[in-house]
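Engineer: Could you build the full structure based on these sequences and the hints that come with them?
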Amino acid sequence: MKNKEITNKLGELFHLVYQYEKMGLETNQTDCLTPSEMHFVESIGLSQKMTSKKIGEVLNITKGAVSQQLSKLTKSGYVTKEMSKEDRRKSYIKLTEKGLACYEEHQAIKLNFDELLTQKLNEEEVVGFVKGLSELNHYLSDQIEQETRNER
Numbered sequence: 001m002k003n004k005e006i007t008n009k010l011g012e013l014f015h016l017v018y019q020y021e022k023m024g025l026e027t028n029q030t031d032c033l034t035p036s037e038m039h040f041v042e043s044i045g046l047s048q049k050m051t052s053k054k055i056g057e058v059l060n061i062t063k064g065a066v067s068q069q070l071s072k073l074t075k076s077g078y079v080t081k082e083m084s085k086e087d088r089r090k091s092y093i094k095l096t097e098k099g100l101a102c103y104e105e106h107q108a109i110k111l112n113f114d115e116l117l118t119q120k121l122n123e124e125e126v127v128g129f130v131k132g133l134s135e136l137n138h139y140l141s142d143q144i145e146q147e148t149r150n151e152r
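Take 1 as the starting number for the sequence shown in this note's numbering and just add one per residue.
Source of the hints: derived by calculation from the structure; they are not laboratory data. Some clues are possibly wrong.
[Unchecked claim] Pairs of lysine to any residue, SDA-like flavour, derived with a Cα cap of 20 Å:
#, residue 1, residue 2
1, K131, T118
2, K110, T51
3, K9, G128
4, K72, S52
5, K94, G77
6, K94, K131
If you're wondering where the values come from, they're calculated on a predicted model, not measured in any experiment.
Structural biologist: In C-alpha cells, the structure reads:
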C-alpha cells in the first residue's frame, strides 16, 4: 500500500469516526452533545476525583477551554462541581445522573465498535491493527507534546 493511500484511508477514518460518534450521540435519549463535549464527559468517566486541571491534561486543552466546556455542561446538567472536604481550594468534577447516562451510552458505542472489529478481523489482523494505531497515537502524542513545549 502506498503512503498516499494510507494517508487517504486515515483521513477517511478520522472523518467516519467523527460522523459515527456524532450519529450515536444524536440518537441517545438525552440532549445531543457534540463529540468534543462527549470527550469531556468521557474524560470524567466514573472518576470521583477529577479536577479541572486533570481534565485539561487528559484532553490536552487549555484552562480556559476546560472552564468554558465545564460551564456549558454544568448549565445543561451533565456535570457538577463539588468542593473538596480536605482542601477547600480544590473542587472535583463529577457526572450527574444525566452525564452518567451519556457516558454509559458512549461506552456502549465503543464496545459495539470493538465487537465489529473483532468479528471482521482475525487475531493476527487485530494485533497488527492495534500496533499500527499505537504507533500513530505515539507519534501524534509526541507531536502535540513538542508543539505544546514550543508554545511555552
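Engineer: All hints are to be evaluated individually against the structure, with a verdict given for each.
Structural biologist: Consistency of the hints with the structure:
1. For the hint linking K131 to T118, the alpha-carbon distance of about 15 Å falls within 20 Å, and the restraint holds.
2. A C-alpha spacing of about 25 Å is found between K110 and T51, which places the hinted pair above 20 Å, so the restraint is violated.
3. A distance of roughly 16 Å separates the Cα atoms of K9 and G128; the hinted pair therefore holds under the 20 Å criterion.
4. Restraint check for K72 and S52: satisfied, since their Cα atoms lie roughly 14 Å apart, inside the 20 Å limit.
5. For the hint linking K94 to G77, the alpha-carbon distance of about 11 Å falls within 20 Å, and the restraint holds.
6. As the CA atoms of K94 and K131 are separated by approximately 33 Å, the hinted pair breaks the 20 Å bound.
In summary, the numbered hints that this structure violates are 2, 6.
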